[in-house]
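Trainee: Line by line, the protein sequences give chains L and B.
Position one of the first sequence corresponds to residue 226 (this note's numbering), numbered consecutively onward.
Position one of the second sequence corresponds to residue 226 (this note's numbering), numbered consecutively onward.
In short, the hints are calculated from the structure, not lab data.
Don't take each hint at face value.
Which copy? The list can't say, so a pair holds if one copy fits it or any two copies do.
Calculated cross-link-like contacts (lysine-lysine; reagent style BS3-like; alpha-carbon spacing at most 25 Å) [to be verified]:
id, residue 1, residue 2
1, 286, 516
2, 464, 516
3, 516, 319
4, 286, 378
5, 301, 516
6, 257, 516
7, 446, 319
8, 301, 446
9, 378, 319
10, 286, 257
11, 319, 464
Quick caveat: nothing in here was measured; it's all calculated off a predicted structure.
Take a look at the letters that make up each chain.
Protein chains: 2
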Amino acid sequence: MSREMVIGVDLGGTHMRTALVDRTGNILRRQKAASGISFGVEQTTRRLVAECQTMLGAAGKFAGSVVGIGLGVAGKVDHRRGWVVFSPNLPAMKNYPFGPELEKTLGLPVLLENDANAFGIGETWIGAGRSIHNWVGLTLGTGVGGCLILGGKLWNGDDLGFVGEIGHMIVSPGGPRCTCGLDGCLEAHASGKALLEFVNAAALRGDLSGGPLFELWNEGKLNAPGVYRCSVVGDPIAKSAFARMGWALGLALANLFVVLGIHNAIIGGGVSAGWDQFIEPLGRSLAEHSKMLVVEDAVVQRSSLGDDAALLGAARLALQHYSSVPSYAC
Amino acid sequence: MSREMVIGVDLGGTHMRTALVDRTGNILRRQKAASGISFGVEQTTRRLVAECQTMLGAAGKFAGSVVGIGLGVAGKVDHRRGWVVFSPNLPAMKNYPFGPELEKTLGLPVLLENDANAFGIGETWIGAGRSIHNWVGLTLGTGVGGCLILGGKLWNGDDLGFVGEIGHMIVSPGGPRCTCGLDGCLEAHASGKALLEFVNAAALRGDLSGGPLFELWNEGKLNAPGVYRCSVVGDPIAKSAFARMGWALGLALANLFVVLGIHNAIIGGGVSAGWDQFIEPLGRSLAEHSKMLVVEDAVVQRSSLGDDAALLGAARLALQHYSSVPSYAC
Numbered sequence: 226m227s228r229e230m231v232i233g234v235d236l237g238g239t240h241m242r243t244a245l246v247d248r249t250g251n252i253l254r255r256q257k258a259a260s261g262i263s264f265g266v267e268q269t270t271r272r273l274v275a276e277c278q279t280m281l282g283a284a285g286k287f288a289g290s291v292v293g294i295g296l297g298v299a300g301k302v303d304h305r306r307g308w309v310v311f312s313p314n315l316p317a318m319k320n321y322p323f324g325p326e327l328e329k330t331l332g333l334p335v336l337l338e339n340d341a342n343a344f345g346i347g348e349t350w351i352g353a354g355r356s357i358h359n360w361v362g363l364t365l366g367t368g369v370g371g372c373l374i375l376g377g378k379l380w381n382g383d384d385l386g387f388v389g390e391i392g393h394m395i396v397s398p399g400g401p402r403c404t405c406g407l408d409g410c411l412e413a414h415a416s417g418k419a420l421l422e423f424v425n426a427a428a429l430r431g432d433l434s435g436g437p438l439f440e441l442w443n444e445g446k447l448n449a450p451g452v453y454r455c456s457v458v459g460d461p462i463a464k465s466a467f468a469r470m471g472w473a474l475g476l477a478l479a480n481l482f483v484v485l486g487i488h489n490a491i492i493g494g495g496v497s498a499g500w501d502q503f504i505e506p507l508g509r510s511l512a513e514h515s516k517m518l519v520v521e522d523a524v525v526q527r528s529s530l531g532d533d534a535a536l537l538g539a540a541r542l543a544l545q546h547y548s549s550v551p552s553y554a555c
Numbered sequence: 226m227s228r229e230m231v232i233g234v235d236l237g238g239t240h241m242r243t244a245l246v247d248r249t250g251n252i253l254r255r256q257k258a259a260s261g262i263s264f265g266v267e268q269t270t271r272r273l274v275a276e277c278q279t280m281l282g283a284a285g286k287f288a289g290s291v292v293g294i295g296l297g298v299a300g301k302v303d304h305r306r307g308w309v310v311f312s313p314n315l316p317a318m319k320n321y322p323f324g325p326e327l328e329k330t331l332g333l334p335v336l337l338e339n340d341a342n343a344f345g346i347g348e349t350w351i352g353a354g355r356s357i358h359n360w361v362g363l364t365l366g367t368g369v370g371g372c373l374i375l376g377g378k379l380w381n382g383d384d385l386g387f388v389g390e391i392g393h394m395i396v397s398p399g400g401p402r403c404t405c406g407l408d409g410c411l412e413a414h415a416s417g418k419a420l421l422e423f424v425n426a427a428a429l430r431g432d433l434s435g436g437p438l439f440e441l442w443n444e445g446k447l448n449a450p451g452v453y454r455c456s457v458v459g460d461p462i463a464k465s466a467f468a469r470m471g472w473a474l475g476l477a478l479a480n481l482f483v484v485l486g487i488h489n490a491i492i493g494g495g496v497s498a499g500w501d502q503f504i505e506p507l508g509r510s511l512a513e514h515s516k517m518l519v520v521e522d523a524v525v526q527r528s529s530l531g532d533d534a535a536l537l538g539a540a541r542l543a544l545q546h547y548s549s550v551p552s553y554a555c
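Assemble the whole structure, with the sequences as input and the hints as a guide.
Mentor: Take a look at the structure:
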């Protein structure tokens, strides 16, 4: 009998990550390609199909057979039907039967889940959340995703198509405009996009007075890693951008901890690479905004699976649904 | 065999309500006495013991025997040990073994629970929450209490001694000072105390220009029902106080709904009697601060048990723990 495998996909606002994953969570092969807010439905689908076909070809080399595909997508998804309802970072996919379309082309069952929920499933399966009963998950990327793991399981709420959308908690009413259209969301403070907008606003105010951050901005090369590097070397605007991020994250976590009566959070996503620049202001803000919680008991840690968390979670879902061997709930 | 009964108590910041309750939730006798932030431990205990003794006497008339006492208390409680850890409205009770002390005096087992959690258990047992799987509970009184009912059960989180403390979510960073010491909590906008503070600040600014609200304030007779009556007859300051309350409640619910992926809330507590003055601004705020949620799906309703919700919930807990007849989880 051939070795059962799945393809896990993390389709974010900037990249699509694809991996061939076995039943124990080993990644046998991985790939990364560009995605983007300007991509149309066809372009995204074509690219993703090509990525999956490469994985299907590779499976043979490992004497494996792919039994299904798990796909984590940023935004609101209808996971029962496999539709993307609304994705702020993939606007062309609005109300699109992405799962069924991929199934038709690839001839394999496809399971869709919100990417931050996939992150939560991944970290609970073989990551930092393995031994934590209740925790809040945050993914910092182009946007800010979130999930709740309650009683060791992904919390699905009333199955409304959205859940754990911590990025769209309003932390500062009347604050910066979010991609979703509301003002003051966590995402508008703590995402990669928010970092860039903060620097951009400073530049337009004339507050960038030379230096490497100004250079990046002036050359149109500003990105989150660039802001991070400038923060590390002490640029005050870059440092303020990360301080605001930490402040907003600390406030959101303080609010969630007091309501949920819990004290664990796991933070992942590409922009969490800036950890050393925002964790201190995060801790300060969490302490300042907490009263019931004994702040020393709070545990805010980094994802241990890094960029692989969401695709491993998506793979785990596909294994649970399509494997012939029964698996256990994560 | 005598009919098993319990005593349910709701010990709030202003009143202590006591009731004799049978296994099906019938209230056979009820009483209400004053409590207060200035009461010492002895005074509160003496008064509560007297209330319970009256109930014990009454039980005989119904051919009943009291098997235990359930006590809902505002604040942080250690329900395993029966201690009050910290109660903003009963500061003298800090780290006080209230349950064991009452047990000693009354010779009956006593169970302590946070009063808003007791509210949630009551409404789930025989109230508005009976057929709702997941909901957010809010109690508007001297303070603002909260609870989460998830999967039909009271959510206890990590058993940290606080949970569902929605009143201490910060909805407006840097906003009005809360009793807890933080700035901008929901409680500092949506409690009875917040209504009075709003009017008081307006008076000190000289914004109360005659009329019944000014009279109340001037005579030192300002209370939440008074602010309500003035709002009903169109006093602009009283209306603004309730508008701010509705705004803050709508924002807090929008944040909770998007994170929990649910769409039901039940609001109780004495100050929820001002419903017609805050529900419209609440609905507007919920709509303005929601994006993922289809706002028409949101259901925000009033407690159906009114002032009895918390004492019935406390009674239910006592029945579950001390009755000789097995009962079913609520």
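Trainee: Hint by hint, note whether the structure agrees.
Mentor: Quick rundown of the hints versus the structure:
1. In this assembly of identical chains, residue 286 and residue 516 lie within 25 Å of each other by CA distance neither inside one copy nor across copies; the values are 56 Å within and 46 Å between.
2. For a Cα distance limit of 25 Å, the shortest separation of residue 464 from residue 516 qualifies neither inside one copy, at 27 Å, nor across copies, at 31 Å.
3. For a Cα distance limit of 25 Å, the shortest separation of residue 516 from residue 319 across copies, 15 Å, qualifies, whereas the shortest one inside one copy, 42 Å, does not.
4. Proximity of residue 286 to residue 378 under the C-alpha cut-off of 25 Å is found in neither arrangement, the shortest distances being 34 Å within a copy and 50 Å between copies.
5. Taking the shortest alpha-carbon separations for residue 301 and residue 516, only the inter-copy value of 11 Å comes in at or below 25 Å, while the best intra-copy value is 33 Å.
6. For a Cα distance limit of 25 Å, the shortest separation of residue 257 from residue 516 qualifies neither inside one copy, at 43 Å, nor across copies, at 31 Å.
7. Taking CA atoms no more than 25 Å apart as the test, residue 446 paired with residue 319 passes in neither setting, with 30 Å inside one copy and 57 Å between copies.
8. Taking the shortest alpha-carbon separations for residue 301 and residue 446, neither the intra-copy value of 30 Å nor the inter-copy value of 51 Å comes in at or below 25 Å.
9. With identical chains, the CA atoms of residue 378 and residue 319 are never at most 25 Å apart, being 28 Å at best within one copy and 35 Å at best between copies.
10. Only within a single protomer do residue 286 and residue 257 lie at most 25 Å apart by alpha-carbon distance; the minimum there is 20 Å, versus 77 Å between protomers.
11. With identical chains, the CA atoms of residue 319 and residue 464 are never at most 25 Å apart, being 36 Å at best within one copy and 41 Å at best between copies.
Of the numbered hints listed earlier, those contradicted by the structure are 1, 2, 4, 6, 7, 8, 9, 11.
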